[in-house]
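K.L.:
Two chains, two separate frames, one set of hints: put the complex together.
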Amino acid sequence: MSAVQWLEPRSLAEAGEVRAQRGAEATVLAGGSFLGILMNQGFLSPTCLLSLRAVGELRGITVRDGELCLGAMVTHRQVERDETVRRDWPALARAFGIVASPRVRNQATVGGVLADADYASDPPAMLGALGARAVLRGPTGEREVAIDELILGFYQTCIADDELLTEVRVPPAEPGAVYRKFRSRSSEDRPCVAVAAARSGGALRVVVGACAEMPQHYPDICALAAEGPLDGAMAREIARRYAERLQPLTDARGSAGYRRRIVAVEVRRALEELGGVGGETLVRGRQGGTLVRGRRGGTLVRGRRRAGP
Amino acid sequence: MSASGLDARVTGQLRYAVDAERPGMLHAAFVRSPHAHARVVSIDATAVGADCVALTGEDVADLRRYGCQVRDEHVLAAVARHVGDVVAAVAAPTPRAAREAADRVEVRYEELPAVYDPVEAVEPGAPLLHPDGAHSAGEAVSIGVRPLAGTNACHRFRLVHGDVAAGFGDAEVVVQRAYRTPSAAHAPMEPHAAVAEWEDERLTIWTGTQTPFNLRADLAVAFGLDEERIRIVGGTMGGSFGAKTFVRQEAVLAALARKAGRPVKVVLDRAEEFVTLNRHPSVIRVRLGARRDGSLVAKELDCWVDTGAYADCGPGVATKLGYAGVGPYRIPHVRVDALAIYTNLPPNGAYRGYGAMQSIWASERTMDVLAAEVDLSPLELRRRNLLRDGDRFATGEVMHDVQFERCLQAAADAVDYERDPRGKGLCVLLKGMQTPSRAAISVQRAPVGYVIHTAATEMGQGMRRSLQLLGAELLGCEPGQIEIAAPDTDTSPYDTRTTSSRTTHMMGRALEEAVRDLRTNSNERGYGEIRNEGGLDPDSGQGIASTHWHQGAAAARVTVDEETGKLTVDHLHGVAYAGRIVNPEGAALQNEGALLMGLGTTLFEAIEFADGQVANANLSDYNLPATGDLPTRFTHEIIEREGADVHGLGETVLPPVPAAIGNALFSLGLDVAELPISAERVLAAVDARRERS
Ligand SMILES: Cc1cc2nc3c(=O)[nH]c(=O)nc-3n(C[C@H](O)[C@H](O)[C@H](O)COP(=O)(O)OP(=O)(O)OC[C@H]3O[C@@H](n4cnc5c(N)ncnc54)[C@H](O)[C@@H]3O)c2cc1C
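Taken in order, these protein sequences are the chains called A and B. Here the numbering used here is used: position 26 in the first sequence is 139, and no number is missing along the way. Here the numbering used here is used: position 298 in the second sequence is 1389, and no number is missing along the way.
Bound-form chain B, shown alone (with noise of 0.2 Å):
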């Protein structure tokens, strides 16, 4: 709030990345690959002219690898793994003369053979991306991460629980399935923006990141510099959802900042976006076996899951995609095995569920089939196999404060479906958040209030809003009272990141000891760190997945137009569980938000490629949803409990919606099997019935 009253992101006060400036700065623009798979033979930056610097492999021959889960990334590209990929950078006094320079950069190119599907780039033969991937590997830092050595995968998660070919023995319905994702686009308002500026061997950048700390670390490792000689700060972003994750545009920046001695500052362009960090891409096969009575006796996974040209979080992804794909039933034998696999397409990372919507689209339009071979309803076959209080997960971890059965029959309910189920369609998910990690906040005393120091960021989720009013519950104060510094790792204590829906959730309970630490300082400093504990092990899937889970579910109702395809979607309903409420209001937008994403990713969205070149690089060819393909009704609802703890819910809600719009149309005996669900595809599954019949 500004002093008028009004919200500084409509008086204009608010600052974002893109409004970033330092005296003297440059302006960078970047030379990038125009092939999918290319060595770099030689490099002309002599025509960039006198006013410009130019970047070019020679400049960045001492920095290092990097990466947040394997280090495989390079500040510039020797060799071009994806379209798109940066080779050489210029700075020039405005925008625009450094788009020119960078037009001028004549790069020679030797193409090598590329690979641009998940399945393919694992099959003997296939082009290797990085054929030291293992070294590389060895080198990560955050996550166990097992590559297979001499192939594209940089990563393989597996689970194992019970004894699988013994559970399909018992089965006496097996259903098995395939279905595929593409790649999409974040697209948020702001695009990737940063300021990056040397002093006396320090070096600043100022940035839209979720991941201040991390990128902190990752720049270490490049440059070779002790993290505190780095110092990240960070801005409110105009949005996000996964895509200012880790290194992505600073790395470049910092080192053109070193060679011009100058400030420097860039601004992606759109097109840029869609060629800087997507969606994974997915292939996922589904076996499930049963008894006749619905109980679930057997399920295995096999994901292919495209990380594109750099691992980036693939890993991470691929492994909570893997145990997401579980859902949240009582099994007792499972097999997941996912693959986190290079190919040469744009470097695919974070998105909003990051993973759990891929394999929560297969996992849930599998039950539905599995219930029609029962003859039970898709509803009571997921009721009968629910994990409830004190079961066992797959990973083996006991299950608290457990929702699914609530979420689920909230949804059911919402669109009545009991009565008549016809049309309709149901999803329930279970999905965790990051685990191991850690918080932590600080609280001062300031002339009218209290100013909070962290490292979370605010990217139009309600971060700031969320923390002031548990602020102000737990100091007595008006919400208003409390400032929010801007997150700065020189002075914010540190965070993992701002991701995975955790922050309301970690944060909490942070301040809350902050203020606990401050009560004891005579009333002037506090400061609070929250650690959850655990990881799974990579190899068997055991151990600690989440140390608290979202849970959540999506009902809708659609009508076919049987003649176009043309699919109408009456109603969705979203449903959250989200323990204790902070933020009412901002809660009610989260969710509207990822359920209206998950809109988009179910009906509309998909990046094209041909060649690996993006073909709708733009957001005229690239469909968003729009205010009109709301549905006809449009309904959530947050499920709280008494005495219960913050749950995270900023992407709960997302990943159930293909699914129940899949399921929805399933009952009207149209099957697809691969998002998005366009018109043509809808009108394919109708010839397919007529097929059948």
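This is chain A alone, in the form it adopts within the complex (with noise of 0.2 Å):
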């Protein structure tokens, strides 16, 4: 029985050293949310630990050129709390703020959850919605990559060996982005279906997130919204096709047939959120701690709209 070692580098640069030298033997720790219960049932006995907690420099939220900068160290919860994100980015904060408890937030790291690449997360989606990057640094120097090229499937993503993730950018959203977390189970669970919607650049981006290998976009569906208004319709359609072309896979909290049918609701739910169409909304939220969850006019009438345009 050999005991664990452990590396605490206290600058960025001294952990890029770090990783350089050691590669894939030493496993990088952020949080330890998800690594902690791999090792707890076994799946994972790392020799070496390259811890990140002491690396300052992983630790900023600040916005550069009008992006949000989230140091790979950021916690869910600071994501969560901060007042700038709340006030600029308020998807992003909920999509950060809605993962499991608090007591999980508080540990979970944005660089984590990118890296662990877990398919029923929820923050990715949402960041590939926004349009995001991920700062990968290594020897040679840093590269930024897209969410959609970062996540490579079942928790594998395009991070080196030699490489660590510092950084994720996000552009400036435009208003009304929406995070939408189905659960099947518990208020804790991790999503059944996620669905992330925005508009950056007069482009929608619709994300579907836990229903397959790595978080959905399709462009080519998503071009539809070009060639109308955002309306009932419109949103109806992008959900149909979204739930025709995926392939969910089948886990506890859902079927495949039981998820497609679930992304063809919660699409068009998103989308009639982006376009203000009214309705249907589902206010999900807590006030002064009991939960409200009220949706206009009692029991659900499909297709009922707001009117005016």
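Simulated from the structure, these hints should not be mistaken for laboratory data. Hints are not guaranteed to be accurate.
[To be verified] Part of the chain A face toward chain B, derived, beta carbon under 7 Å: (1) P288; (2) S297; (3) Y371.
Where is the CB? At the ideal position from N, CA and C, for every residue including glycine.
P.N.:
Pasting the structure below:
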């Protein structure tokens, strides 16, 4: 039985050096909320842990050239509560704020959730819809990759063994981006279906998470939105096509067939919210401690629209 | 309370079984079968290392079969009957070294055919788990067990009341339905843990157990020792809910300590918890006949109760499930047939409610189906048929202190049922208490107050607090002046066990006797003992099922997102009859806890198996309810009656929750017959309703 070697660099430069030298042999440790479970369950027994917790440079939340820059070691809870994020990227604050429980959000990090590439996570879909890029830093310098280039499959990313994910850059968001997390089980569960929808530079981006090995984004279907107003009919059509195209997986949160139906409903609802289409918006949030789950007009009336444009 | 005035659970002073330590102790890890049914061909433990001790078949060749109701368990399995069955064990200087050494033990298996469903397991040709089952049942001690020879049924409970064929002949309306419930995990925060030590051929075990005396008796059988040579010391448990009953980790641990010649400790990990003891899955078929006016005339209940690889208390669970399914109603003709059935799943045992939830879910859902057929409100249908004081239950016993109508009405009123029943559901229940049983307690004077010795165990339910409050009232002192000694079979008087919501009821009365005795013993020492006599004949279901009844009800109000099937419980209300409340705060907490556990059972909880292997053996994939899952309104009440006895209420409001929520859905035309009521199942019910109309 051998003790695990513990490496705790104090700066990004030092961390980068250690990473370059030790490569895959040293397992990068951020919040440990994912790694801890794997280690407890015996799926992973690292001989060496490279902890990033003492690297101050990875903890910043800043705005540069209008872009939000989140350090890899920023916790979910910090994103959720940051004033700037809440004001200018509210849907992002929401996507991080709806992960699991405060206990987990205080531990889990921006870098960790992207690097673990779990198919059933919340933030990746939202970051994808907002057109965010991850910064990967290796011995020869930095590169920027989009979220759909970063996540390659189940628990797989394009991060090389000598690279660290250091930052995530989120372009300025147009108002009204939407994140919807559909949980089929407990309120602390991971999503069964996640839908993120945003407009950037006039183009619509809809990303569906938790249904396949990586977040699903279909630009050709999203392009339909350029052909007319984002009204109820458009929302339904895009949703229908997403549901048709997607090859959902089956897990304890729902069968493939069930997920397909939920995708049709949740994408439509997300677009209705984004387009300001009235009627079926679910108000989910907490007010003064009690859960408010209202639905305008009580029972659900399909296709009811707000009068006017 | 500690000196600081803070709860010892908060300051960390309270010691649990996971904290127990003995000088020089080793740590154990178990080698478990990866197969659901396999004969152990050979075990090679030579690679475990010099500082480790390995326990294999030959080390336990002298030990006998044991089991609380059927002697069908071996200290180590020569034939593994479920994934996770313990086939060998290792002791090492640290827990981690033990785990690593256990992984180095090579076991060769010959796989056998397996069966995972209780209905399939009693079909002809199903693989038999215990071919000599009938023989071992003959040795059973605690209840009359009726195995069906040559099958996987280790017990058959039957109840016959009136003439059910004639009853259905009289019925003007008959409904028939089948229901399923899955396996579930108790999921106590503290896992199973214990330390075993031998000294002068005497065995001592420090463990978290609800059943110190039953554990001692079973180990005495296994090790061929007089009971007095075994001492069980129980500590406070970090939750149990029925999981820490009878022999669990203790037998292997004791055998390992015997071989090691040193104390050995084990703490199971979370995944092991899922193969140690779970809740009985069930299939229940209900047939219910009534007159047009809604008066019930006949009921048939056929129950397939999956007890897993070993019987444990499955016969008792099948019995209780069987008669609880009759419900608190006057029905002239009843037939119940409940089988406890072996399958190649981990053993199933006591789980808060002891089988009652499964059959109450089935029966009370059927009541609403019948109500729709006879065009009566589900509330009115129940009212017309409820048992009242002096009525005879289907077991032949006469009912006293009957409060079903009060409980039901209180539940209905809480959700304003009579004004508008849409989206609302009700459930009323009857549940028995362990009968026969015996409880004894002693009180001893101490310099600043009194010490109470009892084998009743604390698992977070507040047993100690209740006894302190009762004792203070009887002895005329402050609750803080009464010390409750830890349960210890060497010094505590006998108690059947801390299960079945019986402790406050039984121990409370024993304590009254003990205090009376103390008064006649110059205030130095007193002893009190209470027995409740009775029991049911397993072939006819006649006799005394329970000397005191747990009575309760629940009501739910729900809304459904009909596009996704997502269910929101807007209001959940539980009602328990308490007779007289001893500890108001504790009683409220018990009710809330039971309701919340019922909510998990209803909405989320199911152990998923793939070829007998648990597919969700962790608390991320196995969903327990979280704070955010609380119904928008979450209320309960406890009904008292002047001059009444103390009634137990640790379990009462769990069993009615699934049916109350299921009936609320049914009021919207959504018919779900299988637990948990997942969003996907609700959506399927929405589709089915659309197809019907
Ligand atoms: C109970 C529970 C519930 C959860 N529910 C949800 C949920 O509802 N929604 C959701 O989205 N998520 C959920 N999660 C997942 C949680 O958000 C992830 O565990 C978390 O995002 C991982 O972050 P971490 O910082 O703890 O990563 P770690 O566990 O430290 O690391 C994760 C992986 O990423 C690698 N890594 C970490 N940082 C870097 C870096 N900077 N560069 C390169 N590689 C790196 C590590 O080597 C490791 O492989 C839940 C987790 C738990 C424990």
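K.L.:
All the hints need checking, so say for each whether the structure fits it.
P.N.:
Structure-based check of all given hints:
1. For A/P288, the interface hint is violated, since its Cβ never comes within 7 Å of a Cβ in chain B; the closest pair sits about 27 Å apart.
2. For A/S297, the suggested interface contact is upheld, since its CB lies about 4 Å from the closest CB of chain B, less than 7 Å.
3. With 7 Å as the threshold, the beta carbon of A/Y371 comes within range of chain B, its nearest partner Cβ sitting at about 5 Å, so the hint holds.
Checked against the numbered hints given earlier, this structure breaks only hint 1.
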